[in-house]
Amino acid sequence: GQSLEQPSEVTAVEGAIVQINCTYQTSGFYGLSWYQQHDGGAPTFLSYNALDGLEETGRFSSFLSRSDSYGYLLLQELQMKDSASYFCAVRDLNTGGFKTIFGAGTRLFVKA
Amino acid sequence: DTGVTQSPTHLIKTRGQQVTLRCSPISGHKSVSWYQQVLGQGPQFIFQYYEKEERGRGNFPDRFSARQFPNYSSELNVNALLLGDSALYLCASSLEDNYGYTFGSGTRLTVV
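Read top to bottom, the protein sequences are chains A and B. Using our numbering, the letters of the first sequence map in sequence onto residues 47 to 158. Using our numbering, the letters of the second sequence map in sequence onto residues 59 to 170.
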């Protein structure tokens with residue numbers, strides 16, 4: 047089957063850098079995405095990696111290593127508004143067709 | 059660009075009833091996906107449709123069904139509701155398949 051693991055909680059201070067890791071198990075890997083979700087809100091797309099390497103979008107960067115079944119989201123210059131849940135999601139192609147599997151989420155707390 | 063719109067926003071149903079949830083994707087988006095999210099967990103994939111064809115199905119019972127219309131809007135139907143179906147149902151759309159999704163605000167379904 048498919049599974050993703052990411053830490054349940056991370057705490058960091060304003061202005062710091064934080065890395066949220068994600069390891070996955072899937073047989074038909076197609077890509078790794080990251081989403082942000084504030085309490086009571088809908089998930090918001092942050093980044094997508096289909097190939098190995100680093101993708102940078104402003105303060106957020108995402109990395110993928112397909113050989114290690116591993117990726118991470120890097121948040122720089124943390125702001126209080128970055129306090130939210132962050133989900134990694136794997137797109138998988140298997141006998142049932144395409145599936146997008148979300149991790150359980152990492153709750154990020156940014157302290158002043 | 060009005061975003062992904064879902065209706066209704068809230069719904070209360072009785073066990074055994076049937077429910078239909080509706081989703082209008084961003085104009086021009088051909089892919090629509092449905093997710094179920096329980097508080098404190100990541101979204102669980104239910105269905106994906108692309109160009110009106112089912113592209114993927116998650117591990118949900120046959121009580122769950124969906125379809126996509128020629129205008130790319132979509133409906134999710136759930137029959138014989140159970141208490142455990144109480145959740146936030148999210149719809150997401152994307153321009154093409156296999157790319158970052160834009161989520162709607164969801165339909166909060168409560169089964170009593």
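Be aware that a few hints might be false.
As the list claims (entries may be wrong) - Pairwise CB distance ranges, derived in the manner of DEER restraints: (1) B/Thr78 with A/Leu100: 21 to 27 Å; (2) A/Met126 with B/Thr168: 30 to 36 Å; (3) A/Tyr76 with B/Gly86: 43 to 49 Å; (4) B/Lys88 with A/Ala96: 16 to 22 Å; (5) B/Arg73 with A/Phe155: 24 to 30 Å; (6) A/Gly74 with B/Glu109: 31 to 37 Å; (7) B/Lys110 with A/His84: 18 to 24 Å; (8) A/Ser54 with B/Gly142: 29 to 35 Å; (9) B/Thr60 with A/Asp85: 22 to 28 Å; (10) A/His84 with B/Asp120: 33 to 39 Å; (11) B/Arg73 with A/Asp85: 37 to 43 Å; (12) B/Pro66 with A/Gly74: 15 to 21 Å; (13) B/Arg73 with A/Thr90: 39 to 45 Å.
Claimed, not checked - Non-contacting residues of chain A with respect to chain B, defined by C-beta distances greater than 12 Å in every case (computed): (14) Leu50; (15) Gln83; (16) Gly87; (17) Thr90; (18) Leu92; (19) Leu120; (20) Ser131; (21) Arg137; (22) Leu139; (23) Asn140.
These are computed hints drawn from the structure, not numbers from a lab. We put the CB at the ideal spot given by N, CA and C, even for glycine.
Right, here's what the structure says about each hint:
1. Checked against the hint of 21 to 27 Å, the pair B/Thr78 and A/Leu100 fails, with Cβ atoms roughly 43 Å apart.
2. For A/Met126 and B/Thr168, the Cβ-Cβ distance of about 32 Å falls inside the hinted range of 30 to 36 Å, so the restraint holds.
3. At roughly 22 Å, the beta carbons of A/Tyr76 and B/Gly86 sit outside the given window of 43 to 49 Å.
4. For the hinted restraint 16 to 22 Å between B/Lys88 and A/Ala96, the CB-CB distance of approximately 19 Å keeps it satisfied.
5. About 38 Å separates the C-beta atoms of B/Arg73 and A/Phe155, a value inconsistent with the hinted range of 24 to 30 Å.
6. Under the hint 31 to 37 Å, the C-beta atoms of A/Gly74 and B/Glu109, about 21 Å apart, miss the expected range.
7. Against the hinted window of 18 to 24 Å, the Cβ-Cβ separation of B/Lys110 and A/His84 comes to about 33 Å, which falls outside the hint.
8. Checked against the hint of 29 to 35 Å, the C-beta distance between A/Ser54 and B/Gly142 comes to roughly 23 Å, which is inconsistent with it.
9. Between B/Thr60 and A/Asp85 the beta carbons are some 24 Å apart, a value that agrees with the proposed interval 22 to 28 Å.
10. Range check, A/His84 to B/Asp120: about 34 Å between beta-carbon atoms, so the 33 to 39 Å window is met.
11. The given range of 37 to 43 Å is broken by B/Arg73 and A/Asp85, whose C-beta atoms sit roughly 29 Å from each other.
12. For the pair B/Pro66 and A/Gly74, the beta carbons lie near 35 Å from each other, so the given range of 15 to 21 Å is not met.
13. Distance hint for B/Arg73 and A/Thr90: a CB-CB separation of about 34 Å, inconsistent with the stated range 39 to 45 Å.
14. Listed as a non-interface residue, A/Leu50 fails to keep its Cβ farther than 12 Å from every Cβ of chain B; the least gap is roughly 8 Å.
15. Consistency note on A/Gln83: stated as away from chain B, yet its beta-carbon is not over 12 Å from all of that chain's, at 9 Å minimum.
16. At the 12 Å boundary, the C-beta of A/Gly87 falls inside the reach of chain B, the nearest C-beta of that chain being 8 Å off.
17. Taking the minimum C-beta to C-beta distance to chain B, about 7 Å, the non-interface status of A/Thr90 is violated against the 12 Å cut.
18. The Cβ of A/Leu92 does not lie farther than 12 Å from every Cβ of chain B; its closest approach is about 8 Å, which violates its non-interface assignment.
19. No beta-carbon of chain B comes within 12 Å of the beta-carbon of A/Leu120; the shortest separation is about 17 Å.
20. Residue-level check failed: A/Ser131 sits 8 Å from the nearest beta carbon of chain B, not beyond 12 Å.
21. Not every beta carbon of chain B lies more than 12 Å from that of A/Arg137, the smallest distance being close to 6 Å; the non-interface claim is violated.
22. Taking the minimum C-beta to C-beta distance to chain B, about 8 Å, the non-interface status of A/Leu139 is violated against the 12 Å cut.
23. Its closest Cβ contact with chain B, about 9 Å, brings A/Asn140 to no more than 12 Å, contrary to its assignment away from the interface.
Of the hints listed earlier, those the structure fails to meet are numbers 1, 3, 5, 6, 7, 8, 11, 12, 13, 14, 15, 16, 17, 18, 20, 21, 22 and 23, in rising order.
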